[in-house]
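Please put together the full structure from these sequences, using the hints given.
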Amino acid sequence: MPDNTFDAESHVDHMAAALGLAIDPDYRPGVVANMARTAEIARLVTEFPLPDGVELAPAFRPGEESR
Amino acid sequence: MIDHASGALQIASAVKGGTVSAVEVARAALFRIGALDAHLGAFTAVTAERALGEAAAVDARVRAGGDPGPLAGVPFAVKNLFDIKGLPTLAGSRINAGHPPAGADADLIRRLNDAGAVLVGALNMGEYAYDFTGENSHYGPSRNPHDPARMSGGSSGGSGTAVAAGFVPLALGSDTNGSIRVPSSFCGLFGLKPTFGRLSRQGTFPFCFSLDHLGPLGRSAADLASAYDAMQEPQAAAPVSPVLGQGAEGLRIAVAGDYFARGADPAAFEAVAKVAEALGARETVVVPEAARARAAAYVITTAEGGNLHLDRLRTQAADFDPATRDRLLAGAMVPASWYLQAQRFRRWYHDRVMELFSRVDVILAPATPCTAPPIGQRTMVLDGVEMLVRPNIGIFTQPLSLIGLPVVAVPVRRPGGLPIGVQVVAAPGREDLALRVAADLEAKGVCKAPVARGETSWER
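Chains as they are written, first to last, in the working numbering: chain A, -2 to 64; chain Y, -5 to 454.
FYI, nobody ran anything at the bench for these hints, they're computed from the structure. Hints may be right or wrong, so weigh each one.
Here are some of the chain A residues that sit facing chain Y, going by a computed Cβ distance under 10 Å [as the list claims (entries may be wrong)]:
1) A5
2) M12
3) A13
4) A15
5) G17
6) A19
7) G27
8) A33
9) R34
10) A36
11) L47
12) E52
Here are the in silico distance ranges between beta carbons for each label pair [what the hints assert, rightly or not]:
13) Y:P409 <-> A:A56: 44 to 54 Å
14) Y:S331 <-> A:D10: 15 to 25 Å
15) A:P46 <-> Y:D313: 37 to 47 Å
16) Y:G239 <-> A:A56: 29 to 39 Å
Since the structure is predicted, the reported quantities are computational estimates derived from the model, not experimental observations. Backbone N, C-alpha and C define an ideal beta-carbon position, used for all residues, glycine too.
Now the structure itself:
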């Protein structure tokens, strides 16, 4: 869960390595700012308690092609 | 008389009746686009030769006494994320310009063609549909015909511009978080975001598989209904056009309170109040956890978008619009647990909102928090709070598309001011109810979508 201590800079560095993304130094501030903002927004969702039985919304339908 | 301000059904009726030929209508549309679009930036490609060919085929069917279809000779254009045979599907990007041309039309283009409509071109849009403004760093902005210094709204910006300018009576857009409803609001149009999954997405460039919808923008509820009926799956629900005349009488209509009643300019709430009064809607309902729903939509969108473009971000990052690139890069880095929690919240939220629809048929909410801002404006003040323009235009649309509800954006005219829209929201599969309400508001003169008059320089 992202919290107030979420470190967007280190997250971006770690994930860039994990995903094989070489982030141009010129782009990095913008990416970090967006990551920090995303974490702040995501917290609204991740802090909300959900019962264990709540399933993921998208449904996979065997036999049905992409539309 | 048929002219650039005529609606789709008026044109179809005149073409079927032989008052005007489809070729004449197509030529007039192409002439107007050629004369004026350089000022407005609606189109990225005009398919003139194809349009004249399709129109000639419609005229031939009329001459032969056959049925030319419910949209006979109606010019239409599509956001450039729809595949058009022979053109690369740009999706607003420079990167896709290097893709091979599409080998076939998208499903929905084919269905409109089958109904007699005539494709005149591809429309500008925000890059990869990740946009609420209608601005595009590669192809220029889609300008608002009511005031070309202002945004058309995005990401179906060219769709809004083209219909409001009278280039076409009908355009197709896509709506992931509000991209049909926002340009409808800013450009003063009717726009339909159907129920998620209701219309085929085959042959369109994706943005976010969980949330992408396609739908029409037009200048009347009846035109939207006709386009929607033509695009539905053959075995889908009953057509909606025949029920439009039933009006809103007897429907349980409520205004969304709480989240949907704060954080916007007075114009947004005045528009909702005007619509509610016309409909006799006095009840207020609270859509539970709407702020979290918006957050969940944001997380799902950015994570799926980032994943979709990951390879391009690895190899062609410099070719993206910087505003899109940085958000997609961050989106690709969203932890799985945030994304999955957002998808589980989506299910929870859906179930709560369905409880609301056991008590009401239709919910009214603002479409945008403001009228169209000037192009290039970065921040705005809403309710006394300064905030970024780009991410906050969709504050009222995102919580509704998260669970795929059908919504008709209806345009409320403001004397001397820019138009602004209201969302007419119904339960899944009940496009008929939302369109009935839209038609009722139009009949009462509360909502109207005339072609923008070129008070400024673009039409001189």
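Consistency of the hints with the structure:
no.: 1; hint: A5; result: 8 Å, holds
no.: 2; hint: M12; result: 4 Å, holds
no.: 3; hint: A13; result: 7 Å, holds
no.: 4; hint: A15; result: 8 Å, holds
no.: 5; hint: G17; result: 6 Å, holds
no.: 6; hint: A19; result: 8 Å, holds
no.: 7; hint: G27; result: 3 Å, holds
no.: 8; hint: A33; result: 9 Å, holds
no.: 9; hint: R34; result: 8 Å, holds
no.: 10; hint: A36; result: 8 Å, holds
no.: 11; hint: L47; result: 5 Å, holds
no.: 12; hint: E52; result: 6 Å, holds
no.: 13; hint: Y:P409 <-> A:A56: 44 to 54 Å; result: 47 Å, holds
no.: 14; hint: Y:S331 <-> A:D10: 15 to 25 Å; result: 19 Å, holds
no.: 15; hint: A:P46 <-> Y:D313: 37 to 47 Å; result: 43 Å, holds
no.: 16; hint: Y:G239 <-> A:A56: 29 to 39 Å; result: 36 Å, holds
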